[in-house]
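Asker: Protein chains in written order, with my numbering: chain A, 1 to 297; chain B, 1 to 297; chain C, 1 to 297; chain D, 1 to 297.
Because the hints were derived from the structure by calculation, they are not lab data.
As the structure is a prediction and not an experimental result, all values here were calculated from the model.
Among these hints, one or two may not hold up.
Anything over 10 Å on all C-beta distances counts as not near chain D; from chain B, calculated [claimed, not checked]:
(1) T29
(2) A111
(3) N189
(4) A263
(5) T270
In silico DSSO-like cross-links for lysine-lysine, where the CA-CA straight-line distance does not exceed 27 Å [claimed, not checked]:
(6) C:K191 x C:K229
(7) D:K31 x C:K34
(8) A:K229 x A:K207
(9) D:K223 x C:K130
(10) B:K116 x A:K207
(11) B:K116 x A:K214
(12) C:K207 x D:K223
(13) B:K229 x A:K229
(14) C:K130 x C:K120
(15) D:K137 x D:K120
Listed next, the stretches of chain D that the computed footprint assigns to chain A, with coverage defined by at least 3 CB atoms under 8 Å from CB atoms of chain A [said to hold, decoys possible]:
(16) 62-69
(17) 150-160
(18) 177-184
Just so you know, even glycine gets a beta-carbon here, dropped at the ideal spot from N, CA and C.
As a plain string of letters, each chain reads:
Number of protein chains: 4
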Amino acid sequence: MQINGVEIEDTFAEAFGIQVSRLLVTAATKKLAKIAATEATGYGTSVIGCPAEAGIDCYVPPEETPDGRPGYIIMICNMNKDKLDHELLERVGMCILTAATTAVFDAMDDADEKMKTGQKLKFFGDGYEKKLEVAGKTVFSIPLMSGDFLIEGELGIKSGVAGGNIFILAENQAAGLLAAEVAVDAIENVKGTITPFPGGIVASGSKVGSNKYKFLGASTNEKMCVTLKDEVEDTEIPADVNGVYEIVIDGEDEESVKAAMKAAIEAATTVPGVLKISAGNFGGNLGAYKIALHDLF
Amino acid sequence: MQINGVEIEDTFAEAFGIQVSRLLVTAATKKLAKIAATEATGYGTSVIGCPAEAGIDCYVPPEETPDGRPGYIIMICNMNKDKLDHELLERVGMCILTAATTAVFDAMDDADEKMKTGQKLKFFGDGYEKKLEVAGKTVFSIPLMSGDFLIEGELGIKSGVAGGNIFILAENQAAGLLAAEVAVDAIENVKGTITPFPGGIVASGSKVGSNKYKFLGASTNEKMCVTLKDEVEDTEIPADVNGVYEIVIDGEDEESVKAAMKAAIEAATTVPGVLKISAGNFGGNLGAYKIALHDLF
Amino acid sequence: MQINGVEIEDTFAEAFGIQVSRLLVTAATKKLAKIAATEATGYGTSVIGCPAEAGIDCYVPPEETPDGRPGYIIMICNMNKDKLDHELLERVGMCILTAATTAVFDAMDDADEKMKTGQKLKFFGDGYEKKLEVAGKTVFSIPLMSGDFLIEGELGIKSGVAGGNIFILAENQAAGLLAAEVAVDAIENVKGTITPFPGGIVASGSKVGSNKYKFLGASTNEKMCVTLKDEVEDTEIPADVNGVYEIVIDGEDEESVKAAMKAAIEAATTVPGVLKISAGNFGGNLGAYKIALHDLF
Amino acid sequence: MQINGVEIEDTFAEAFGIQVSRLLVTAATKKLAKIAATEATGYGTSVIGCPAEAGIDCYVPPEETPDGRPGYIIMICNMNKDKLDHELLERVGMCILTAATTAVFDAMDDADEKMKTGQKLKFFGDGYEKKLEVAGKTVFSIPLMSGDFLIEGELGIKSGVAGGNIFILAENQAAGLLAAEVAVDAIENVKGTITPFPGGIVASGSKVGSNKYKFLGASTNEKMCVTLKDEVEDTEIPADVNGVYEIVIDGEDEESVKAAMKAAIEAATTVPGVLKISAGNFGGNLGAYKIALHDLF
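Here chain A stands alone, though its shape is the one from the complex (with noise of 0.2 Å):
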């Protein structure tokens, strides 16, 4: 299969089950709720050794938020719901409610089951929080120094899926790098995905264990390190692949985590230089979620 040229491997995404969360963070100006979105999803793009997987999903202009203010959606996400919690709790606490004029809003629609996150978060006001009602949220208003932190009293969380990808394979290393910039501006409008690695784009790829070192759990996956094509033999980088980035995608269900994939294909392929898309597998035994590049077009 080809689209826009260039061949689309015939292969699938191993993706994940997740406990995903969505909450918008609004603030006075939209650049004060930038600052705030990005400090609580930092530090977090693989739960391979972060505490958790993070991204910005997407901005929510003024008039479509419920206290009238620019804000981002964000989602926080990991296997185990109790860490989850613990990271809504420490990550809402410690990187917003600590941000200059934020607020807090439940924003996962048709979720499991609900967080305590605000009615928790609440205690912090030590007697003098109050409880509101904002565009008919039950909310928490939380006195601070320099003012009052609203957040809504419950969080929802869901099924999701982590771990949809694809991979790009370029002439070079610039080529797959636009080309995954390309991918990820695409992936932006996509409701309900985040890219949770550096600006949405994966350098390194690994393999579960190693060949070498066995007190390790991951290592490099060589078969795919474009230095290595000439050293590995079994390496799956034709010869005039020179750049491969992966596109790491994280949705609040299989189907956004699909059209996250569909949308980052159709651009990555617009991109001169780009020579392959594939995507990443473990055999289609780990992961509950086997998406097939050709599935999706």
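Fit chains B, C and D to the known structure of chain A by using the hints.
Answerer: Chains B, C and D in isolation, oriented as in the chain A frame:
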């Protein structure tokens, strides 16, 4: 005492010992270096709830870096050396190694000790890693999908200072916020310091424990809350103050923290509507450092 | 009248007829499109001294543009059609055609007239230009060093409105400035409008002519200067006002300018320290449009 | 000659004399200074079609500016002194004076001559302007709605150099573009230079006149167009080159332009996929300066 016509309260900031690392993140472009530095220092406002305190110290132009590429110096801090070791490994491994085109170099002069971050991360290369010299430094080259990631074998840490701070009391929230932004801009150029909160600005203040909820370790400092000044009897908010923001500073030593506090006060007091500068302390019994505001001048 | 507890003065903004163009600038990435859009709309605050009034209207995601790439809609305006024709040619030719990976499409619905910007610029191709269809639009492809630049043959213009405005009177400069930023964020989503001044905010106000210097066509409006309120007898600055900022709005029609003024007032009045909203006029004899603030609500 | 393994063509950049101004724009915050500097230097890529060539030279931290606030140095250039005088007046008057919290200082060392920009703009104060000393400089304070605008009375200009340049020939557009961005980052730290095109990068190249359209003063340089390499007989594009970008540099003197060209070449040649560096000239008869690439090293 007055600076720029603004009263500087005769009080002190109470600061704490912390283990500090300082590393240089370079990349092909300034923008790519910023993306990696931002991801690696996110979720890092305070060790009360975050796994580290972290931030960007400064930009370093290409002609001053070991690999001739643009970079940002970041600082990652934790009270506990083992935890700092862990945070370095994960924040570098998950947020910088995975980012496009990056490399990492030690940027801590006069280190007390070295963390073996690079020597540990090299194993990810699964035998394909190589030892190189770059500008007289021992670095490891780890093959990734997109190319090779370079990291210096050891990253220095030293005993530094956390929690240096000033309070900005202003006639409204906007004046406090503008003064805080002005102060953060001034601190940017004080080498060896970071302002770890979102945008460098803290909207909330806390006291140890809680009057009402005995299960809490910390709660809002009601005496410093502007919206409670009519309600709390022993409020410390003057009648004409309606906005209070704090700047928190971590630094590689007491001198750099003092320099940052001084620069912050001189800058913040130029903003009309700023009525008073104060500082936060816990009576002086908790922290190892007492930095008196009047001694800065 | 009060909005959010802030007095709205019973006055009107005096606005002027202007010829307005509206074009979509796309590029490979959102960032590249923003760079071109920013360059092309610079030096474009007011036709009093700039060769055009210009600004960015809004972002358009890839799935909504003719070439499937991210883009920004910009507006370029001048009272005089010939001058607007010239500005389109030069701003597009020098600032967009020369920018990396860009294309230009007409984005003016209901145009009164078409400027032949693309049909003129195509000659730069020196015979190598080609006529194409993209999404049903007639575009010209012009070969450049880096690849081909695409531009729609004709760009629509229409009679629009310049100089819609509100004044924000605040207790200090910071509150005025924050309110102005809040207002600009709110206007961003009113389609068909721009705020052509730097960051959307105007720090100065002028009156026609000068009392002291007869050779001047315009001079500072001393009655509205906060630092002159004790010096100028007929000052219009209330005693408690120490910061005044103006938002100037250009739009494709009176309705869009009114919608932007309304959104700006509703947003600005949420900022504590804002004491009054007014508007600028010249007595009503100069401009074709008188937009009464009270009629907006 | 090769630099970083990339061929440097034995050719020269042909550059022109131009009148250069260099001014410092400060503001309350780094962000506000950047907004004003960006607006004032927009629509300023080339005097062929823009009223000036303009750009940001560098950031200056608060402790190094006359008024202790953050600032950006900008350069505004024109071949003609009277036109430069006009551009200074309008770009400062319309785009900086009108911007929030700004001030303007001369930043040109060794000026040949002084433009009376501040002494003319002061009349806008209509008699309320004041003459002050700031850090030993004579400045005028002009009352505005939002506060007072400060500008140094005279701004220095000197005979500088326009049109220093390098061409980056790459195997695809992405590699050329990344190398161009890398080069622009490297030039940022060469004081006294700007890269006036959008993002510092030029996508198009022109020749004098036109083969086909006699009414044209300039047209695309078809010999350097990558998409025409199979069509144009005397193409100068090697078979393996598919992306060409140019960096154009204006500087306060020949030395600074040479330093910028050297830094740009050293940086661009580190990007994989860059195949050759060249430069643009018109045979050597038009410009006063011939900067040979090989002489830079």
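Asker: Each hint: holds or not?
Answerer: Going through the hints against the structure:
no. : hint            : in the structure
1   : T29             : violated, 5 Å
2   : A111            : holds, 26 Å
3   : N189            : violated, 4 Å
4   : A263            : violated, 7 Å
5   : T270            : violated, 7 Å
6   : C:K191 x C:K229 : violated, 37 Å
7   : D:K31 x C:K34   : holds, 17 Å
8   : A:K229 x A:K207 : holds, 16 Å
9   : D:K223 x C:K130 : holds, 17 Å
10  : B:K116 x A:K207 : holds, 23 Å
11  : B:K116 x A:K214 : holds, 19 Å
12  : C:K207 x D:K223 : violated, 54 Å
13  : B:K229 x A:K229 : violated, 68 Å
14  : C:K130 x C:K120 : holds, 13 Å
15  : D:K137 x D:K120 : holds, 17 Å
16  : 62-69           : violated (count 0)
17  : 150-160         : violated (count 0)
18  : 177-184         : holds (count 3)
Of the numbered hints stated above, those contradicted by the structure are hints 1, 3, 4, 5, 6, 12, 13, 16 and 17, listed in ascending order.
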